[in-house]
Amino acid sequence: MIKNYFKIALRNLIRNKGLTLINLIGLATGFAITLLILQYTKFEKGYESTHPNADRVVRLTLNYLTGNTVTTQDCEVYPAVGPRITDEVPDVETFARVYSIGEPSTPIQVENRQFLMENLYAVDADFFKMFNYKLIYGSEKDLFKKPNEAVITESVALKYFNRTDVVGEVLKSPGGGGYILYNIVGVTHDSPLNTHLKFDMLISYPTMLSDPAMLQRHGEIKDNWENNNTYMYVLLEEGANFNSFTSALKDFNKRIIDEKKIKSEEVIGQKITDVHLYSKKTFEPETNGDADSVFFLLAVVVLIILSAFVNYVNLTTSQALDRAKEVGVKKVLGSTKVQLRIQFLVESLIMNVLAAILTVFIILLVKSEFINISGLPESFTFIGNLSFWLPLIVFVVIGGLLSGLYPAFVLSSFRPSSILKGDYSHSLKGVLLRKGLVVFQFAITIILLIQTFTVNEQIDFLRNLDRGVNVDQNIVIEAPIKNATKNYSAFKQSLLASSNVKAVSLSHSVPGQSTSVLSTTADIRITGTTPDKYHNFYLTFIDNDYTSLLGIEMLAGTNFDEASTADKRQVIVNEEALKRWNIIEPKNAIGKKIAFWGGEWLIKGVVKSYHQQSPKQPLLPMIHIYSNTFRSLATVQFTGGLPSDNLAEVKEKFNSVYPGAAFSYFFMDQEYDKQFKAEDRFKNVFMILTVFSILIACLGLLGLASFSVAKRRKEIGVRKVVGASSTAILILLSKDFIKTVMISVIISVPITYLLVQNWLENFAYKIDLHIWLFTLPILIVFSLVLFSIGVKTLKIARSNPIHSLRTE
Amino acid sequence: MANTLLSLNEATRTVNSGNNKVTLLDNINLQVKEGEFISLMGPSGSGKSTLLNCIGMLDGFTGGGYTFLGEPVHSMKEKNRSKLYKEYIGFVFQAYHLIDELTVWENIETPLLYKNVKSSERKGLVADMLDRFNIVGKKDLFPVQLSGGQQQLVGIARALIGKPKLILADEPTGNLNSKQSTEIMELFSQLNKEGVTIIQATHSERNASYGSRIINLLDGKIVSE
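These protein sequence lines map, in sequence, to chains A and B.
Under UniProt numbering, the first residue of the first sequence is numbered 1, with each subsequent residue one higher.
Under UniProt numbering, the first residue of the second sequence is numbered 1, with each subsequent residue one higher.
Hints listed in this document are in silico derivations from the structure and should not be mistaken for laboratory results.
Just so you know, even glycine gets a beta-carbon here, dropped at the ideal spot from N, CA and C.
Warning: the hint list may mix true and false statements.
Heads up, incomplete: computed chain A residues facing chain B, CB under 10 Å, no partners named [to be verified]:
| hint | residue |
| --- | --- |
| 1 | 7 |
| 2 | 10 |
| 3 | 11 |
| 4 | 285 |
| 5 | 325 |
| 6 | 330 |
| 7 | 335 |
| 8 | 368 |
| 9 | 372 |
| 10 | 709 |
| 11 | 710 |
| 12 | 711 |
Chain A residues, not near chain B, derived (Cβ > 10 Å throughout) [claimed, not checked]:
| hint | residue |
| --- | --- |
| 13 | 73 |
| 14 | 115 |
| 15 | 339 |
| 16 | 684 |
| 17 | 758 |
| 18 | 765 |
| 19 | 775 |
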């Protein structure tokens, strides 16, 4: 009997090749996109899962307040907070300070070779209690209790030494104050991809407080309530309650405010498991994901997989007419309803299994592309992953049964005596349901399509917005060592000597880099005034060529006066900063002094506000401090040709001035563009979803059209005999579907309007919602609808009515 | 004296068509004895097919009594009714109604599957049937590869495989040419001689003459016997 089910099922699939193919493609694409997105969302939601203690680890961050309003949320806190909290707040087992060294990188020497270390942190010993990094080599006993200890990752060990057993080797970090020596005491595995704090090397925190060169470079002090440049993690006792910890933190804040350790600030606790998806603070160690996007994607794929199953139901029941005879005959021959239902379920299962096989091929095909687009780590695997196969099996079994059930019940309920006479009135049942499902599918498609258009438009808008700064055609070179004062003018002069080089500028940061390279200070005032509230200002160091090289417009005042001995401390501020001091006319600021960092600084010039960060962020109040040393970056502008064409020459000059130093560079425009990565990714994933959704919805429509055409075969025949033209028939058949899709439009447009508005709220600068952003997607959907109906209807509209009217 | 196979007592079937109540079968009284070969005759719409469907339990009478082998069909549940016809009745159709996806062999085998006959036994029974109808060579062909007469032979073979007491044939030769018709009718005759009760609906006087008894229907009533 079972054999018979399979036989009939397979022969049926082969006989209706077209339909089988539509069904297979529909189901497989539905499965594939759902699995891909599921894997993506699982990865995003699975951050910190490799750290067994993650649910007990809390990151302390700092909120800046103006009155009771939070103006800035900073990831970094004062180092002194950790020991105090551990002593005073119940349920805290221990703390770990994590200090980021070297933005963006730190030069490291191994024997005679130079490297740039990217993610280097000084951490307390208890870091290893919170984060799961077992040592492959080295001893965990008394680890990081002494200064100048280092733990490096396997890949760094391989890169520097070509082997991993490197305990006992010494790394040298050149820079201000001479060399810092790091003794490698351990080698650990690379940071997993799904953790918010990834490192290449860790050094012991005592180094910060005792190494002379380190002290000179970073100036860390004991009981530091001055600089909040430190990430702080605390480990709660086992079984401790996070909520009672945060309320205890409130009392702690009151105490330290009373002690005048902080003012207009508060320390906030944040579960590290929430960091990746929910944290959008300044100075994050890496760009985080976004929970809303993840849940939105999940919601959409649920709808897509439902659509895929709905299609299967539609297409299978639309076959009812073909299958009706078989059902009738079988019933007459003695088959029970149950037996018939089993048969349709078996068919549905076979179809789903075949679709699953196709899914695996589709995924293998698009895997690398998807990883690329979605920003998943390159080493991500699908096929070797149980969490990939499990949902697939669930889809096949549950989906197969559910989608087989409806056709099974509808088809098995046909009465043989009427079917065998050719009366199909039964099969009209459920048309309303199926139309409802199609309305739903198209509503989703229209929502996605409009969103894609809007997202695209917004990102284009941001990219093309006048930034007030020209980041194109530059190469930015990183300084050979931190605060290199030696030879910088020789380097600059040798560059300028080249006919290809137009200008060179030295600065601490350039536009497009993350805000973490800027300094922030809240308490900056015009001398002689008392500010009514505190504002956060962003500071950087630039030389005299910076504004002209980057095309930043000077509104008042002049460039720095390099010759002045009276005013060594000079700044150029932007309009945005003036607003904070309530100065409206730029020229009124010139000659005024501002006080911060324990000194007074002369305002020499005011520049127009420019987008230091991508225009999705508001403009920053910037203070540019004069500095003429190669402290961090040198920007080179060329007279002609692409920057990449001039790269070799720049490198040669760098090497001749700084022999042996590592040459590290980036193109400023590319760095700037990286800020759009999150939006680009969002857009790309959206586009894929949209394409799949359209495909699936059109397949569904095709199925419904075939059903309708088959049902009305005789009617069409009669109409043609009495004189209807092909066009008239086409209109007749399309009318219904157009109506259906119209309902989808009416439902989806208001929903999309709200969704899109909500998304645009994320941006400081946003597009107006033009009417074409809605009309164009709707027109596209309608043309696709007409096309997919046309495939079926044209054939029948042109056919000879004799065929459909001839009876047996 | 042969046993009574079935009897209809004032059997009636009415359906609602719009607001009108249409009587398809009107107080039919009929006794069928085992071994009879009955031809139902009458113009289109006279109720021949309806009567066959009702006797075959595919449709039900809406009034009156229907007894099959002493069992009251009119008061039976659907499940028992289907058990009854599965066991005792075979159907032959004008349009053959073979399953297109199955081969000749498999088509004939199908009723046995629904009766849960064992595989080895099925093989024997189907092979016998193919042999008897001289279609062994065609056992692996699909219905579309056969002529109409051959398809109807398969249809009859399929009807007979379950060893029914009664065969109901609705215009069994309606789609066949006269040569094929004769062959099929000869076959029915032969089967009848072997003891199978047959009720056929037909337009053709010639086919009707093969029967032992002719019943004329008009507007759902038996007008003459």
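Outcome of the hint check:
{"no.": "1", "hint": "7", "verdict": "holds, 7 Å"}
{"no.": "2", "hint": "10", "verdict": "holds, 9 Å"}
{"no.": "3", "hint": "11", "verdict": "holds, 4 Å"}
{"no.": "4", "hint": "285", "verdict": "violated, 63 Å"}
{"no.": "5", "hint": "325", "verdict": "holds, 6 Å"}
{"no.": "6", "hint": "330", "verdict": "holds, 7 Å"}
{"no.": "7", "hint": "335", "verdict": "holds, 5 Å"}
{"no.": "8", "hint": "368", "verdict": "violated, 41 Å"}
{"no.": "9", "hint": "372", "verdict": "violated, 45 Å"}
{"no.": "10", "hint": "709", "verdict": "violated, 21 Å"}
{"no.": "11", "hint": "710", "verdict": "violated, 16 Å"}
{"no.": "12", "hint": "711", "verdict": "violated, 20 Å"}
{"no.": "13", "hint": "73", "verdict": "holds, 67 Å"}
{"no.": "14", "hint": "115", "verdict": "holds, 70 Å"}
{"no.": "15", "hint": "339", "verdict": "violated, 7 Å"}
{"no.": "16", "hint": "684", "verdict": "holds, 45 Å"}
{"no.": "17", "hint": "758", "verdict": "holds, 53 Å"}
{"no.": "18", "hint": "765", "verdict": "holds, 63 Å"}
{"no.": "19", "hint": "775", "verdict": "holds, 46 Å"}
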